[in-house]
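Using the sequences and the hints, build the whole thing.
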Amino acid sequence: MSASSNACKRFVEKTSTRELLKEDGTWTINDAEAMEFDSLRSMIRTCLRLKVEDAKLLLRFDGSRTLNMRFQLPPRSAENLPKRSI
7 MSASSNACKR FVEKTSTREL LKEDGTWTIN DAEAMEFDSL RSMIRTCLRL
57 KVEDAKLLLR FDGSRTLNMR FQLPPRSAEN LPKRSI
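58 is the number that my numbering gives to position 52 of the sequence shown; each next residue is one higher, with no gaps.
A few of these clues could be false.
Said to hold, decoys possible - Each computed DSSO-like pair below joins lysine-lysine, with the alpha-carbon atoms no more than 27 angstroms apart: (1) 28 with 57; (2) 20 with 62; (3) 15 with 57; (4) 28 with 62; (5) 28 with 15; (6) 20 with 57; (7) 62 with 15.
Stated by the list, open to error - Cβ pair distances, simulated, as ranges: (8) 13 with 57: 28 to 36 angstroms; (9) 28 with 65: 13 to 21 angstroms; (10) 72 with 42: 12 to 20 angstroms.
Simulated from the structure, these hints should not be mistaken for lab results. These figures come from a predicted structure and were not determined experimentally. Glycine included, every Cβ here is placed at the ideal spot set by N, Cα and C.
Here is the structure:
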């Protein structure tokens, strides 16, 4: 994906602290250290693998820390995995 003014980054955000998920399953406040996802499916699979709870999908637009959208992630269940990549 090429950089543009409408670029959107996807992160997993811990609801209680607003920290972002890192690849090793720990949390950080630094976007550069956080794991960025290319699809909702990969995000859910990672959360299941790392047993992440109390988290939201964070969409951060154009590198802004103020222009964000948050969505509650589904419960930890393989039954909730989408059949195709979203």
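So, going through the hints one by one against the coordinates:
Restraint check: the Cα-Cα separation between residue 28 and residue 57 comes to about 13 angstroms, which is no more than 27 angstroms; the hinted pair holds. For the proposed pair residue 20 and residue 62, the alpha carbon gap of about 6 angstroms is at most 27 angstroms, so the pair holds. The hinted pair formed by residue 15 and residue 57 meets the criterion: a straight-line CA distance of about 22 angstroms does not exceed 27 angstroms. With a C-alpha separation of about 14 angstroms, the suggested pair residue 28 and residue 62 falls inside the 27 angstroms cut-off, and the hint holds.
Our distance criterion of 27 angstroms between C-alpha atoms is met by residue 28 and residue 15, whose separation comes to about 14 angstroms. Simply put, residue 20 and residue 57 have alpha-carbon atoms about 12 angstroms apart, close enough for the 27 angstroms limit, and the pair holds. Straight-line distance between C-alpha atoms of residue 62 and residue 15 comes to about 14 angstroms, which keeps the hinted pair within the 27 angstroms bound. Residue 13 and residue 57 have their C-beta atoms about 30 angstroms apart, which keeps the hinted 28 to 36 angstroms range intact.
Between residue 28 and residue 65 the beta carbon distance is about 18 angstroms. The supplied range of 13 to 21 angstroms therefore holds. Look at residue 72 against residue 42: about 19 angstroms separates their beta carbons, and that is inside 12 to 20 angstroms.
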